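2 protein chains.
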Amino acid sequence: MNFSEYTKKYVPKINNEIKLIWENKLNSTNNLFLKDYYAELRDYFLSGGKRLRPLLTIATFNAFNGKPDEKIIRPSIGLEFLHNASLIHDDIIDKDNLRRGKPTFHYRFREYHKKYNLKRMSDIDFGNSTGIIAGDTSFLTGLEAYLINDFTGELNLTAINFYKTAFIEIANGVLIEIDMVNQKNLTILDYINMVGLKTGALIEKAVLTGVNYTKTGSKFNNELSTYGKNLGIIFQIIDDILGTFGDEKTTGKPTDGDIREGKKTCLLITALNGLDDSKKNKLNSLIENSDMSDEDVIEVKELFREANAIDSCKDLANSYYQEAKSSLEHLKSEIKDFDSEFFENVLDFVIKRDF
Amino acid sequence: MNFSEYTKKYVPKINNEIKLIWENKLNSTNNLFLKDYYAELRDYFLSGGKRLRPLLTIATFNAFNGKPDEKIIRPSIGLEFLHNASLIHDDIIDKDNLRRGKPTFHYRFREYHKKYNLKRMSDIDFGNSTGIIAGDTSFLTGLEAYLINDFTGELNLTAINFYKTAFIEIANGVLIEIDMVNQKNLTILDYINMVGLKTGALIEKAVLTGVNYTKTGSKFNNELSTYGKNLGIIFQIIDDILGTFGDEKTTGKPTDGDIREGKKTCLLITALNGLDDSKKNKLNSLIENSDMSDEDVIEVKELFREANAIDSCKDLANSYYQEAKSSLEHLKSEIKDFDSEFFENVLDFVIKRDF
Chain A
5 MNFSEYTKKY VPKINNEIKL IWENKLNSTN NLFLKDYYAE LRDYFLSGGK
55 RLRPLLTIAT FNAFNGKPDE KIIRPSIGLE FLHNASLIHD DIIDKDNLRR
105 GKPTFHYRFR EYHKKYNLKR MSDIDFGNST GIIAGDTSFL TGLEAYLIND
155 FTGELNLTAI NFYKTAFIEI ANGVLIEIDM VNQKNLTILD YINMVGLKTG
205 ALIEKAVLTG VNYTKTGSKF NNELSTYGKN LGIIFQIIDD ILGTFGDEKT
255 TGKPTDGDIR EGKKTCLLIT ALNGLDDSKK NKLNSLIENS DMSDEDVIEV
305 KELFREANAI DSCKDLANSY YQEAKSSLEH LKSEIKDFDS EFFENVLDFV
355 IKRDF
Chain B
5 MNFSEYTKKY VPKINNEIKL IWENKLNSTN NLFLKDYYAE LRDYFLSGGK
55 RLRPLLTIAT FNAFNGKPDE KIIRPSIGLE FLHNASLIHD DIIDKDNLRR
105 GKPTFHYRFR EYHKKYNLKR MSDIDFGNST GIIAGDTSFL TGLEAYLIND
155 FTGELNLTAI NFYKTAFIEI ANGVLIEIDM VNQKNLTILD YINMVGLKTG
205 ALIEKAVLTG VNYTKTGSKF NNELSTYGKN LGIIFQIIDD ILGTFGDEKT
255 TGKPTDGDIR EGKKTCLLIT ALNGLDDSKK NKLNSLIENS DMSDEDVIEV
305 KELFREANAI DSCKDLANSY YQEAKSSLEH LKSEIKDFDS EFFENVLDFV
355 IKRDF
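In order, the protein sequences belong to chains A and B.
Each residue of the first sequence is one higher than the one before, counting from 5 in our numbering.
Each residue of the second sequence is one higher than the one before, counting from 5 in our numbering.
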């Protein structure tokens, strides 16, 4: 099955499983505010998303199990809860009111506050407080994917260990990124290490969770880790390129955001390491200014172009693509009936996307 | 063994286990900011606390196991991580810089920002962001108590289910409390339901986690739940009384905080239900003012006294005390060698405390 067939077959089932978990919480309380809270969590979780992580868990399970089995759907949604939990908190940290054109969770409760004209707390504090608690609720509720399903306790404990480790690695990546804003002389390896944690760890764990529930065990975890982690790294490199040189209408994001934030993107690190000293100093002084003019932003982009930063980043993405491809090749020769189309599709989708 | 003997014997071992978990994280990274982050988490977790929850897990395990066994120490620390994780987030929500005289977690990183003169983010945003991520890290790291220990997978999964449920109940309690500020005509049962979730659930789960790891299984979970949940309810009622009529020097908290916040404490709900209509209206209008004068606060306290609110709340606490005592009595007759001194001590400590 290819990616679009997988999506068509499984996404409705994944969404239904997610819906059931929140509606179960909604129905187990008589408190009207709590009912609104769980309904909002349900709607937020169902408001889109490609379900890449559950799909990867399901496809990996099916490939190594020898035949598809729908009992994998329940545990496949765990990391999707973790992902959404961390998005809810990220949006509070970044003060974003919209994500992909839809209201963020804390912003929904800021609007709720206004709608009901609530007292005492300000609407901003009410939104942030509810959002912090909702992220926590989602982190803990995600465990239900492993507590109630058709697999043995030992397999579920291994999956919970992946769940825990995925978040610790994401947090490490996010903290390293926060700290990088204050660091100089970063290498491209510092960058790869950071995005491997921030974005790669979760995708890697989705794949490892899938194979964990089959008889294969951990035999191919090295290859699967490379495939999953590289998918995340490629995703982030392309994200960095699109964040500055993409089409705002397609990406939905302004192309000056990363530059104005002084974010240590692939483009910036590559450019700083590729330019001669005088231009490097110029770029550094532009980036260090927290109140850049439009002309400054244009000048930064010009320096990125001079350093061939886009091509260097694309080459970098391509090297991780080749490595992931070669891991897939190893797996193909090892596993009978290995339906590799899906895995190749995901890899191609991630490197070729323009949104 | 009594409470103070238990404390003397086990608290150093509990603290050591907590310390090991954070130092393991600290030692597994070369990033200097991450090292500071984990060192701060370690220091924050070790900066005090009676370790009531781990002690309850250990004592319950020992009582039902027939003999003490130190392998219970590792799983006993899980709910202490959960407790601290939720304190870290609570302090961000409540904008508290101090807890029991020591800096809160997000405040530590606000100071860190100043110390290193960091760029881009403000010190407040830096503290809150690091605090949100640190709470999340603690929620997930707490799972390590159940992932690496000397018990079977099935027992650990049951304990993880308690861990998950404890937080969902805490969150429900906290959200009901936030909503209560905007509600009128609350009964004392609404209050008990809220504090049973907010404060009772975690203590209840500590006791249930202890017995879970013994051969007794879930046979006495009803009595143990009553004991644990009531402990929490009593704790909160006394907390409400001390919050308004305690000695500021002993409690470390100003005695006008709850009143000015319009918090639906045991005192307020009891008073509103005990006063005649004209005084009830007076009390309501005083409480609804979000900018109370010192005279208003004194008048509220006077109305609490007129309604005999302190005595009513003490009577309420006492009824939950008697119920918990009677659960303990049932357990005593069922279990040989049941060392009930510890459990009675905790109950007496909670109802008699003045801080």
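Mixed in with the good hints there might be a few duds.
[Claimed, not checked] When the alpha-carbon atoms are kept at most 20 Å apart in a straight line, the in silico SDA-like pairs for lysine to any residue are as follows:
1. B/Lys123 - A/Asp300
2. B/Lys119 - B/Arg104
3. A/Lys123 - B/Gly261
4. A/Lys267 - B/Phe7
5. A/Lys119 - A/Asp40
6. B/Lys39 - A/Ser126
7. A/Lys188 - B/Lys267
8. B/Lys99 - A/Lys119
9. B/Lys123 - A/Glu181
10. A/Lys99 - B/Lys267
11. B/Lys99 - B/Gly256
12. B/Lys39 - A/Asp194
13. A/Lys118 - B/Ile97
14. B/Lys119 - A/Val185
15. A/Lys188 - B/Glu158
For the record, the hints were derived by calculation from the structure and aren't laboratory data.
The structure presented is a predicted model; accordingly, all values stated were derived computationally and were not measured.
Verification of the hints:
no. : hint                : result
1   : B/Lys123 - A/Asp300 : holds, 19 Å
2   : B/Lys119 - B/Arg104 : violated, 23 Å
3   : A/Lys123 - B/Gly261 : holds, 17 Å
4   : A/Lys267 - B/Phe7   : violated, 53 Å
5   : A/Lys119 - A/Asp40  : holds, 13 Å
6   : B/Lys39 - A/Ser126  : violated, 36 Å
7   : A/Lys188 - B/Lys267 : violated, 49 Å
8   : B/Lys99 - A/Lys119  : violated, 25 Å
9   : B/Lys123 - A/Glu181 : holds, 13 Å
10  : A/Lys99 - B/Lys267  : violated, 28 Å
11  : B/Lys99 - B/Gly256  : holds, 17 Å
12  : B/Lys39 - A/Asp194  : holds, 16 Å
13  : A/Lys118 - B/Ile97  : holds, 19 Å
14  : B/Lys119 - A/Val185 : holds, 16 Å
15  : A/Lys188 - B/Glu158 : violated, 49 Å
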